[in-house]
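Same order as they appear, the protein sequences are chains A and B. The numbers in the UniProt record's numbering rise by one with no breaks, and the one at position 28 of the first sequence is 28. The numbers in the UniProt record's numbering rise by one with no breaks, and the one at position 597 of the second sequence is 597.
Because the hints were derived from the structure by calculation, they are not lab data. All values reported here derive from a predicted model rather than from experimental measurement. Certain hints may be false.
Stated by the list, open to error - Restraint ranges, calculated between C-beta atoms of paired labels, are given here:
id	chain 1	residue 1	chain 2	residue 2	range
1	B	V673	A	A326	46 to 52 Å
2	B	E675	A	V320	39 to 45 Å
3	B	V673	A	S99	58 to 64 Å
4	A	S115	B	R664	53 to 59 Å
5	B	N319	A	D170	38 to 44 Å
6	A	N223	B	L402	51 to 57 Å
7	B	T357	A	A89	51 to 57 Å
8	B	R664	A	K564	22 to 28 Å
9	B	N426	A	D170	30 to 36 Å
Think of the CB as a built atom: it goes at the ideal place given N, C-alpha and C, for glycine as much as any other residue.
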Amino acid sequence: MNLETGLKPSCYEFFPVNEMKKVLREAAVHCSERGLYFSTKWIAETLEGLPDQPIDTSEMDISIDSSIQENIYTLSSTLDKDLTNIDPAEYDKYLLSKSYYDVKEFDRAAYFLESCKSSKCRFLRIYSKYLAGEKRKDEESHDIMGPMNDLKTFNKEIPKLMEEMESWRDSHEMNDGFLLYIYAVMRKQLYPQDKNLKDLFLESVQNFYYNWSAWVELGECINNKDMLRDVLNRLPNTFMSLFFKLHMSVELQDLPQAFIDIVAEFPPEYVNNRFLQTKQATMYYNNRDYDFSEITFDRLLKSDPYRIDDMDIYSNVLYVVDGKSAKLSILAHMCVYSDKFRPETMCALGNYYSSKGEREKAISYFRRALQIDQTCLSAWTLMGHEYVEIKNTHAAIISYKRAVEVNPKDYRAWCGLGQIYELLNMPFYAIYYYQRSSALRPYDARMWLRLAALYEQQCLYVEAIKGFSRALESKDIDDNNTIQAMTKLAKLYEDYDPEKAAVIWLRLLDRDDLHEDADERKDGHKYLASYYKEKGEIEECMKHADILSEFGGSSKEDAKVIVKELKQSKKSSQDESIIES
Amino acid sequence: MNTNVNNDNIHNNNPTSPTMSINNIISPSNANTNNTNHNMNNNTNIGTNATNPMTSPPRRLSNSPQFLDPLATPRSFLRNISSSATPSLIATPPPPFKYPQTLTSSQNNKDNNQNANLSGNADNIFAGSPMLTNSPYYDARTSMASTLSSSVVNLKLDDKLRYWRQDAYLKNLYETAAFWGNKVMTITGDSNDIYWLAQIYYNMGQYVRAQKLIWKLMDTSVTCRFLAAKCCIKQEKYQEALELLGEENPFTDDYRLEVKNTEGGIQLEASMCYLRGYAFSQQANLDCAKKCFKEALESDVKCYEAFHELIGNHMMTANEEWDFITKLKYDEQLDREEAEFVKMNYISMLNKYDHLTEIKAARHELESWRLSNNVDVLLSHADELYTQCRFKECFEITSKVLEFDTHNPDCLPIHIVCLHELREKNKLFLLAHELVEHSPDMPVTWFGVGCYNYLVGKNDEARRYFSKASTMDSHFGPAWIGFGHSFAVESEHDQAITAYSTAAKLYEGSHIPSLFIGMQHLQANNILSADEYLSTSSKLCEGDPLVYNELGVMFYQKSKYADAIDNFRRALILVDETKCRPQIWETTWMNLGHAFKRMGQVDLDAAINYFQKVTTMTTPSPSALTAIGYCYHVKEEYEEAILYYHESLGIRPVDPVTQDLLERCLEEMILFVNEEKENERV
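If we strip away everything but chain A, and leave its shape as in the complex, we get (with noise of 0.2 Å):
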């Protein structure tokens, strides 16, 4: 499915290299100012994946340190007056707080802001003050998949932080885009089901384009390509709704070419943005294209070798593709050099030892994961494939269940409770998940066949024969599914549409890669003869009939049976013309 409706790649606003950079400077001292510390980090990046060519040297000095301090003071105090207009007794304690937020005590930070007024130091007390509740919540609930798991816990701070920003937000005193970016985090924790969440991250990112973050959450908000492309049409015309875009594509499971025509949307001196780089190895390995897309993440660590982020879904890959174990022991071992308490070290660590076999060490690695990060989707996913392995259906039931809580669009945690619960004969629960699944990949085979199959079973025939036909229009169906998914669909049509019934009959036996001697082929000449039969084609019936005879055995017998019912059938016709003469 192609995104672009509606827009034209000229809609996206790009400026020149230089412009480009000094914007995005500027953004990134907005952010690091407010201690999102990942927008940061992602503006930076995007600022560095710039060629660097064309320096202007009127504005780099030769000592480029000062230079650059010097550009960030003037931006910030220029900033300071357009947007925040802080006050210089503000400023102060504004100085203090940031001190202690960056050695995280967030209580302390939020509680020296208490009296302040400006946006950006209301923004560092709010967004303190939630992160401290956060940390509490951490603390507070128990161990990941232990005895105690069973209840979640809420952030206990957001409830009145949310009534505070409430009241500005009645006097209008939430214009600022990071407010409303955090004030829709919150609201997105307490009710993820409320409609108008992705109005508030619109809200936000319209504020102010460049927090990363908030296009991202804005991107969780999303779950359909509908919802997507109506929030396309209200994306203000800015270059980050293009890389938003780019993100969604990959989140929603595109196809490589609807992927590929969005990059070519970026001016080439993107080529080298990492960023890009990431999501197009992300797209290969959702489109389960491994091999380029490991050679995309060995292009990227060449180039950022100490890189941890992403690296779950390269480890991913690596498990994924035979033979790679040695790459896979390297990667885990890089990654726990670099920093040994990431989530993502952890996954690749889980991965690794999965791969050899030591389901319970892995399990362990991920449970750790979830320690560092209750959100991290990959751990809970992954622990559920472990649990399945190790018959640990309850485990795995509530591993996946928090997959799809974190991130409803992982169509692989779908999927694994639909095989739990068709494994734990609960069909209608797998069906649901199923159902769940195939929406989120509604090309891919696999969940069809299975949720045909149970619909199959629980005499659902309509049903089923729409899942067969669906699974077989998808391209990525193997030979051997095809066949039995093929005469699924031709016994379901037996009672329902005999003349699609013959028609898949007929395309079955005329596959090569059918077994002379298969099951399948009698049944097909079974069927064929008694339907030409039926239609009085006495050649066609006959001609089945005498391959199903050469079969031998009780098939021989119904060639027998059938032929004698068309003497019979033809005898009475006979009988009946006479008379009618």
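Since the structure of chain A is already known, use the hints to place chain B on it.
This is chain B only, laid out in the frame that chain A set:
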């Protein structure tokens, strides 16, 4: 203000404010000296003013040289004059104790010129309106105002002894006071000196001694009788106290003063009524107690103790309270400004479910008297906020109060309960510890400890401390309620009801105990009893949303959903008026949703609306989510239903009801969709 006037009149000497305050504190006891010296004082007045037609006995005149400078001489020292009178008093067998004869107004007495019975006269002054010169503040000032040293020098020994006694007494040096008092008593044998010594013993906590000492004077002097009764009460001999006081107020309407009592202190009559009431209440004879307290207030509106007992213990229902307090004879007894002042003070302290605007107005008016930072005014506001469930704001005020009035016993219960409501474990723990350390003899201390334990879920411990608090003071209602709650939490309905019933007996006019009893009956599925108690509760108080919520629940359980909805709505309207945070009434919104859910298909959307409101209030509650899911389920919007069930299970994974519903919903959805498609085919 009154004291000032007096001072100006007599001494041309404005006492500093500290003296004033001391005067106020000790005013009731000081009054006695005046009384016994009444004649003496009168004499001085006569001497100076010559307005009083009263003639004085000749023996008093023998001391007349001392009257030459009455203004300079502290009158208390002139008491020696009466010393000669006392022997006769003691020698003559006291007449059988009777109130009425002597208890006409002092004016009358003077007119009658009945000086034979000195003590009778003394009582007279006491009960009647003290005249300017007999102001109860008078003595205190003089004894404190040792300023008049010149005159001290000229005094006789027993006067000096009296002076020392009085001075030591006011400085709380009771041993010293007792020593010199004893001396002067033996020397003079004056009944006033006996009375004073008894007073000192009383303050030293030696009640038996005090009582014994004034035993003989009791029949002749009401004041002494009063003190004796107080001693009895201190010894917890309530029956004896009642015998001393008489079981009924002997001062009937005929004798009630119609003149304004503008300068006077608290009327002894009122105090005695109060004491009688107190004894009754300790004997658990609450009806009589209530009557007595009411009498006390009727005879003197300034008798705060009686007011405190009446209101603090919820002896009257809200309406009764309002009628009684607003219709007291303020204007008859006091000057206009004072009357208004007292009235506003009282009104501000009434219970806060009704007449809120008037109470607010009263508070506002009090603030114009520069009382905006007064503890009681603040407490009145705190109480109002608490009634409206605005715990946070209430807590701010009570914290402020406690900051400048540490361990104020009126403020502490509300403060503790606020801490409990705000789930401030640490602060409550600290406070409880402080209280135990500093005032282990207050019941509220142990109530606080109990609350802490209740908050952290140690119900057994909590019960222990609540019962400790209630044994210390069986009239401490909060402890009984807490005791009941600790059972209620464990679903021990019967025991909880017993505890609440005790509270209900103590707090006759309060709707809260019967409300809680009703709630327990509801939970125990005892609809009939619940109905009874809840309607009693709603009759007692019409302004509490909780009552309507519970009534709604009751109707809901009776399957009268329309009535239930009515009641929930009423509760929410009341809640809306209080402007408290809506989260506190989340349950009522939930209930409303459930009631609508039961009303049938048509009202499902309304139900969903209400549940949605609940989910957006605080952290989403799984039950609300399940309820929304169920509504959609009934509406056959399966997709939505499943989403909500899932979300609910995400918060509380092991909820069998939701799990069951989800399974059915999934099944129904898939079958339903299939059926539809089959139909299309056909």
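Hint by hint, here is what the structure shows:
no.	hint	in the structure
1	B/V673 x A/A326: 46 to 52 Å	holds (49 Å)
2	B/E675 x A/V320: 39 to 45 Å	holds (41 Å)
3	B/V673 x A/S99: 58 to 64 Å	holds (59 Å)
4	A/S115 x B/R664: 53 to 59 Å	holds (55 Å)
5	B/N319 x A/D170: 38 to 44 Å	holds (39 Å)
6	A/N223 x B/L402: 51 to 57 Å	holds (53 Å)
7	B/T357 x A/A89: 51 to 57 Å	violated (42 Å)
8	B/R664 x A/K564: 22 to 28 Å	violated (51 Å)
9	B/N426 x A/D170: 30 to 36 Å	holds (33 Å)
When each numbered hint is compared with the structure, violations occur for hints 7, 8.
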